[in-house]
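Trainee: One letter stands for each residue in the lines below.
Protein chains: 2
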Amino acid sequence: MTRTEQMKLFLDASSMTAVGISRRTGPGSYNLLEHLVRYGYKGSVYPVNPNSSEILGIKTYPNVAAVPEVTDVALISLPRLSVLQAVKDCVAKGIKAIIIISQGFADAEDEEGPRMQDEIVTLARSTGTLILGPNTFGVANASTGFCTAYLPIPMDMNGVGSISQTGATFIGLNDIRLVGKAIDVGDMCDVDIVDCLEYYEQDDETRVLALHIEGMPNAKRFLEAVRRVSLKKPVVALKTGRSGRSAQAVQSHTGALAGRDELWDVALRDAGVIRVDDIEELSDTLRAFLTLSAPRGNRVGVMTPTGGFGIIAADGCEKHGMELVEFTDSTMESLRALAPEWLGVGNPVDYFPSVSIMGHPRAETELAAMRLIMTDERVDAALGVMGAFSPELGDDLATLAREMARDFPDKPLVYFLYGPHFEEVRAKLESTGTTLGFPTPERAARALMHLRRRADYLSRQQER
Amino acid sequence: MTRTEQMKLFLDASSMTAVGISRRTGPGSYNLLEHLVRYGYKGSVYPVNPNSSEILGIKTYPNVAAVPEVTDVALISLPRLSVLQAVKDCVAKGIKAIIIISQGFADAEDEEGPRMQDEIVTLARSTGTLILGPNTFGVANASTGFCTAYLPIPMDMNGVGSISQTGATFIGLNDIRLVGKAIDVGDMCDVDIVDCLEYYEQDDETRVLALHIEGMPNAKRFLEAVRRVSLKKPVVALKTGRSGRSAQAVQSHTGALAGRDELWDVALRDAGVIRVDDIEELSDTLRAFLTLSAPRGNRVGVMTPTGGFGIIAADGCEKHGMELVEFTDSTMESLRALAPEWLGVGNPVDYFPSVSIMGHPRAETELAAMRLIMTDERVDAALGVMGAFSPELGDDLATLAREMARDFPDKPLVYFLYGPHFEEVRAKLESTGTTLGFPTPERAARALMHLRRRADYLSRQQER
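Residue numbers (the numbering used here), protein chains in the order written: chain A, 1 to 464; chain B, 1 to 464.
Next up, chain A with everything else stripped away, as it sits in the complex (with noise of 0.2 angstroms):
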């Protein structure tokens, strides 16, 4: 079995002998057992626990030789000083894939914590076993409705497949959910970051990778694999720990070595590897590589009901080195016609004078400058603006969404919503998975610059 075919064991898991299930149930117990049942886990559970015969209705087994088959994952969540024994116990059975939840090991200030878990490395090398964590949440499968995490984890087979050195980025951010599939590697003691990559790089219900790094021992031949996926795959990272203060944290974390910040920065990009600077812009990423295309080049056609804010997504796109296009001649002249005649236009369109002082219906007004937007030959991506005044707003949104990705599938187009309805306006505009919709319109010039990024190192890969 290659350490491919083994990482699949714990992910793609259809059975789990899990050592230390609590019988308590309920708010406030943690109980992972729980969880599987709410998500539908299909696969064999074999909780093991010696003071009782059930938990909820799930007959329990007093030790691992106890349980009638080896599965293909075993799940450990003891005190610390009881994981040894039961790593011994799981390794007899003949599991090979074995995930360490307990904490107190590598990450511990007293000498016993990492002489245990040399001891629990020596022994799992030495029969072929794969150890996940210690000090982790596991793994999480959304289409299986497998996770071996103690809290309730909000789960979406939207393609992301995660690996983090973090539980917390089970929860999910704000606006997308990074189970898909999520590892985290916890403090790594054997299964790192590249057995991770490796097994996202051949699974094909995972489209989009993101990755949490603190920091890890061997960055080189990191480097080396992430260089590989990201050509098949996009690969999105937050490296945290820049500051000296939060790099010491890491440590004390994981005990990982965060490392220069700056040799960070370089080295990602120079492997393909698109680097984040906080949660937003990992969700705002991620969301973009989910739904849009990538646009020829990085010149934008912003269509704005208002000036003022027509200059506030000028300067969004200035920020993030995209360009405001310069319309073609016939583009202009079409624009004129659509305008009261002593109206100066030009990108950004603002079609309101359209509406307000010519009396043209508003939905048609847009839907027709928009068109004329992306029929310009220059325009390689279009960027909305609109106040959510209201939330019918989205639906008008939605119908232009659509006609606009039928016809130029190959142009993006994004959103820069603001007001009181933003959260439903964009829920329409988003429920046509052709587009997206931002608070600000550098969110959104944002995630158009890191789409052309990649398509640009892409096609620069392809010369080499």
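Where hints are given, some of them may not hold.
Chain copies aren't distinguished; within one or between two, either way the pair holds.
Unchecked claim - With a straight-line Cα cutoff of 20 angstroms, these simulated EDC-like cross-link-like pairs (lysine to aspartate or glutamate) come out:
#, residue 1, residue 2
1, 319, 261
2, 8, 392
3, 42, 54
4, 233, 156
5, 319, 277
6, 319, 281
7, 319, 278
8, 8, 203
9, 88, 69
10, 42, 262
Read the hints as simulated data drawn from the structure, not as lab findings.
Keep in mind that this is a model prediction, so the values were computed, not measured.
With chain A's structure known, arrange chain B on it following the hints.
Mentor: Below, chain B without anything else, positioned relative to chain A:
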């Protein structure tokens, strides 16, 4: 009547002559009379329309002369060629405050527009009449339900007074309404930003000023005024038109000059204005000044249930010059008592092992840990981290926030919340009126930074 008293005619109008109200009502009609009815405006409105006798049950008048009183304010919403005559009618009637909604004056590309504007200004000046606009939404006042915009405007008597060169800000941002009170100065043919500053300076209902600036002819006079006002109330400014391209758009939008961006940066800071980069920062900063007290210094205590996102929080603090405090020995001792004996403790405070390993109840542990942080004499502000995996978490956070606000009123508390139930958890947290939730630690730390910088500015000014 002083100019500031005259400005009150606009904002605090108890009667309005409205020239050019359409008989059309309902969706797509952009009829402001309809909105005024919905807002519950209690003042008198006299629509002028020669082709009707009533609109929405409100008696109309064939011309301005026929209106039975000299109203506080007149609004003119007519095709541009009819505006000058309407201004003459209003001036003849004795109205001292006129709002010109119509476009096509200094913002037009022809010669006719600027020429008509000159005539209007000359007439107004010679008769002591103030003109707001043209090319404006006019004014809005949440406390009286008065608004002259032709779109429905979400208002909230929240203490925000805004001055804007676009009506788009009337719609508000995602997390905050900018009406409070609002003035769209439009093309500033007469009433300018200084007039508006002086109105808000004396207005007791306005606690924080929001400025949207594209450009202006007399920046020196503005800077003198804003320097004075910023000593009394926080002034948060978004200066747009940063790039060459968007500065061009400014000129065609309102005929104003955008000016060199870096000069604005220095000049605004020097005048005590808090300049923000984008509308998200505008929203966050206004909310901070409305809700939080200023920290005495820049030392932050971070509390987190996850080491990994504690590091992300530390990165966020570092980015905005907020320092992770080194706790006193006494705090450190108490933190050690809360944690397993092998766990390193410090700042950020990861309290979750106390729950997951030692079995302490979560909500009580959070409260105890936050109280420890707040009690530390070195701590100026606290940043909490919480994964919003269920809406109910917000109830515990709200309880915690209330206790902290009661016992530590001088130490602001902000939260970094992430996960699928962000909105619900934040709403519960913020319902306390004492703290704010942010979707990234960077934004939380930035809000603290702005509070701190303003406090620093004020104390430097006092020392002079």
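Trainee: Against each hint, give a clear statement of whether it holds in the structure.
Mentor: Outcome of the hint check:
no.	hint	in the structure
1	319 <-> 261	between (23 angstroms within a copy, 13 angstroms between copies)
2	8 <-> 392	neither (46 angstroms within a copy, 35 angstroms between copies)
3	42 <-> 54	within (18 angstroms within a copy, 69 angstroms between copies)
4	233 <-> 156	within (19 angstroms within a copy, 46 angstroms between copies)
5	319 <-> 277	both (15 angstroms within a copy, 10 angstroms between copies)
6	319 <-> 281	both (14 angstroms within a copy, 15 angstroms between copies)
7	319 <-> 278	both (17 angstroms within a copy, 11 angstroms between copies)
8	8 <-> 203	within (9 angstroms within a copy, 66 angstroms between copies)
9	88 <-> 69	within (17 angstroms within a copy, 94 angstroms between copies)
10	42 <-> 262	neither (46 angstroms within a copy, 61 angstroms between copies)
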